[in-house]
Structure formats: C-alpha cells, structure tokens
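The task is simple: from the sequences and hints, build the whole structure.
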Amino acid sequence: MKELTNLLRGKAVIAYNVCGYRGSRLIEELEQHLATPEYAELRPSRAELETIAAEAMQETPALDTGIFPRRLIDDLAEENLLRQIVDYNIQTAPIPQLALALGGAIATAATLYGRKVQTPSGLRPNVYICGIAPSAAGKDQARQIAKQVLIYGGGEELLGSEGINSGAGLITIIEEQPSVLLLMDEFGRVLHAINHFKSGAWQREIITYLMQLYTSAGTSWKPVAYKDRRKNITVDQPNVVLYGTSTPQVFFESLSREDMAGGLVSRMLVFEGFRGDPPRFCECTDPPKEIVDYVRRWIEFNPAAGNMSDFSPSPAKIPVTPDAGQLLNDFVLQCHEETLSEDEESGASIWARCPEKAAKLALIRACSERFESPEIDVPEVRWAIDLVSFLTSRLLFQADRYLAANQTERDLNRVKRMIEDAGPDGLTQSVITSRTRGLSTRERNDILETLVTSEEVIRETQSTATRPALVYRIAP
96 MKELTNLLRG
106 KAVIAYNVCG
116 YRGSRLIEEL
126 EQHLATPEYA
136 ELRPSRAELE
146 TIAAEAMQET
156 PALDTGIFPR
166 RLIDDLAEEN
176 LLRQIVDYNI
186 QTAPIPQLAL
196 ALGGAIATAA
206 TLYGRKVQTP
216 SGLRPNVYIC
226 GIAPSAAGKD
236 QARQIAKQVL
246 IYGGGEELLG
256 SEGINSGAGL
266 ITIIEEQPSV
276 LLLMDEFGRV
286 LHAINHFKSG
296 AWQREIITYL
306 MQLYTSAGTS
316 WKPVAYKDRR
326 KNITVDQPNV
336 VLYGTSTPQV
346 FFESLSREDM
356 AGGLVSRMLV
366 FEGFRGDPPR
376 FCECTDPPKE
386 IVDYVRRWIE
396 FNPAAGNMSD
406 FSPSPAKIPV
416 TPDAGQLLND
426 FVLQCHEETL
436 SEDEESGASI
446 WARCPEKAAK
456 LALIRACSER
466 FESPEIDVPE
476 VRWAIDLVSF
486 LTSRLLFQAD
496 RYLAANQTER
506 DLNRVKRMIE
516 DAGPDGLTQS
526 VITSRTRGLS
536 TRERNDILET
546 LVTSEEVIRE
556 TQSTATRPAL
566 VYRIAP
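Numbering (our numbering), first residue to last: 96 to 571.
Hint data in this document are derived by calculation from the structure and do not stem from the laboratory.
Here the structure is a predicted model, which means the values were calculated and not measured.
Note that the Cβ used here is the ideal one computed from N, Cα and C, for glycine as well.
Any given hint could turn out to be false.
Pair by pair, the computed Cβ-Cβ distance ranges are [claimed, not checked]:
1) R512 - S407: 48 to 56 Å
2) R532 - A564: 16 to 24 Å
3) P373 - T559: 30 to 38 Å
Written as structure tokens, this is what we have:
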C-alpha cells in the first residue's frame, strides 16, 4: 500500500504542478489512474486520496524533475492579470502546460507595460522568454493566447512578425513598432541556424540586434551607421519582448558555451513543459471581459500625454518599498556569491543577470496586480526571486546535460542522458546499441568506457533467463 501511495503522490505532484489540476479535478485524476482491475483491492478511499493530493500540493518538486512549482502561480492574486491569463490558458488548452502558460502571460504583460513604466533605477519590463516542451505537447497554446489577449484588448499592432530572416528585417519591425512582441515558433532551430558556422552575416545580426535591444530599453537604439546619414535610424526606448518556443533537445543542442557565457541565452527566462496527458476536448472561448478591459486600460494609458510621447516616451516610475529594496539588494549579494563559485561557461554570467531579471519580473507583477498606483513590495520581489532562481537553476542543470564543445562530447552527453532518463533500472547494452545506431561500435564502446571510468555511470552484470547482460546506471 505504501508503494501505491508514493506512486499516487508522484502522479499528483505532476498533475498539480504541470497541468494545474487542483481540488476535485486533482482527485478525479488520481481516481482515473486507479480505474483498472489491478487496483481493485488496494484502491484508497476518497479521504485517503484527498490526503495524498493535499500532501502533493505542499511538496516542492526536485530540481532534476524539472517540474514547475505550482505555488508560483498560487502566489498570484486571482485579480492579477498574469493569473487571469494563466487560468484562461489552462481552461482552453487541449494539453495544459502551466509553466508555459505563465511564461506566455509574462511576455504578454511585458509588452503592454513597455515604454509606459520603469523601476526607480530605470529598468524596463522587456523580457526574453523561451517555452520548451516535447513535440505535440501544447507549446503553441501560450502563443495563441497572447495573440487573442492583445487582439481583443485592442493591441494588435503590438504583435510583430513571427518569422525574422535577417537583421535588416528586425530593424524594420522595431522602426515601425517600437513596442512589440515577437512570437517565434521553432526558436531552437533559429538559434541553430544562426550559430552554425555556415550562417550568413545577415543571420548573425539577428542575435546581435536582440542583445543590443535588451539593454537599450531605457535609452536610444542606433543599430547601424551608413555613409548616407539619411538612412540612419534611431529608436527611442524600444520595448522588444521575445517569446519563442522549441523542443528541449533542439533548443539545448543549438546552444554553445559562448551563449551561456554572455550570449542571448544568458538574458533569457526558459520555461519548461512536459509530455503529460493525451489531448482533451476544450471549448475555444474569447478572452474573459476582465482580461480584455485590463489590457485595454494599459494600451490606452499614456504616462506623458503629448504630441511627441509616442516617439520619446516618459515612463512612470513604479515605487519600491524599503523592505522590497532590501530584499533585492540581498539577492544581488546572493547572486554575486553564485558567480564566484561558477566559471563563465558554467553559468557565472547567467547568475550575474538574475537580479536584473528579478527586478523586471517584480515590476511586471506589480503592474499586473493593479492599474491604479502599482507598487513593488515584498510579495512581488519574493515571487520574482523564487521564479528566477528556479528557472536559472533548471537552465544550468539542463545545460550541463547538453552543452558540448564538439561532436564527441555531444554524443557522450546524449548517451548519458539516455541512461539517466531510464531511472534506477538503467539500460542494457543491447538497448543502448539499438538507440545509438548512428554511432560505430568503437565510438559507442569508447563513450560507455569514458562514463564508467569517470564514475558518472555504473556498469553491472545482470542475470537474465538466457545469458548475463551488461546494465548501465547513473552513479548515485
């Protein structure tokens, strides 16, 4: 019975944190799992299931599971725009992905508040986000919800092109619409194409300009200089928000150590989804009135009305309480300690950017909480710090599993992930061989020998009905 209880608690943790199920819906999920003859005599009572569900809702998922902590949603007030967009997303999603729903909501809100608000230190709400999940696992939902919310709220002009082929194309987009949400599908493939040694200069310019735009939100952006000065452009305080989607393997395998050391990825927030339940039937509905009304208020809001405000805005400063400011300062020191314990390729530059990301997220949450007199207080900062810390730790965990300097290291990482994902049972030599047919026998054996010698993997002989088999497991 204890084994079944642990199994159900694990199911409940996933259903609660990944799919957003709670209350009676969470109990129904457990009952559905038990609706098989094998559990007929062991089936827990309704009261026992309620206890299991309650315990699961209090459990913090282990980092190596990648399961998004549901409490980061529950901490948001029901009237908070972020919470409302997440709820709308989950209610209409054939495959609910709670983490991606929050990432999409943050990107949508950041687009609304751009060029309108800032922190006392001048930070703007522009963020770069990537939502990653397996193929056909519901990645597209957050992008579609972002479109719906902005269009119904009267902000269709804030939606940029969903495909950017060159740096010149990006310049055109920003020149025409200084505050814009870039919704990019297959973002991992875009990174791969740009990072490839055969990529053209016009492709590499995309990343260069995105990095410039990230740090230019509080000043002016001058992308290129031409001999003919009439061709030169200047965009004052651009607000570029990026929400890309990708599969985990394509995204992480497209990254280089340079990306981690100070490239675009060090500026990004990566939200991770999983393959959960089969698609369910959901009715497509228009965004709720409270979402549409709140979005429209922000679109119509102009903190410095005047003929030139669209060209040179004067964003309102959102105050930070003394306690919230102290919490941010403490986080700066904490992240500084992390940078000292990491080298550049292992995440030092990513931790160094975490305080800035946290301040941006606290600003976004504050403006999503209330339109009238928003304020950055302790709850906003603590939530932002918790979110950034989780996403950063998970990003570095995944990067360690994927990043490689060459093809040999890439193959080694792939085999190690394969064994790691198999759990405590490990994989037999024959299974590893069948899954790595692209490797020669020598390459495969060299990889396995390296993993065993480095004590990352344990090799054991296991008895079978026919003959002994070699089994590989991740070292504890």
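Evaluation of the provided hints:
1. R512 - S407: 48 to 56 Å: holds, 50 Å
2. R532 - A564: 16 to 24 Å: holds, 19 Å
3. P373 - T559: 30 to 38 Å: holds, 34 Å
The structure is consistent with each of the numbered hints, conforming to all of them.
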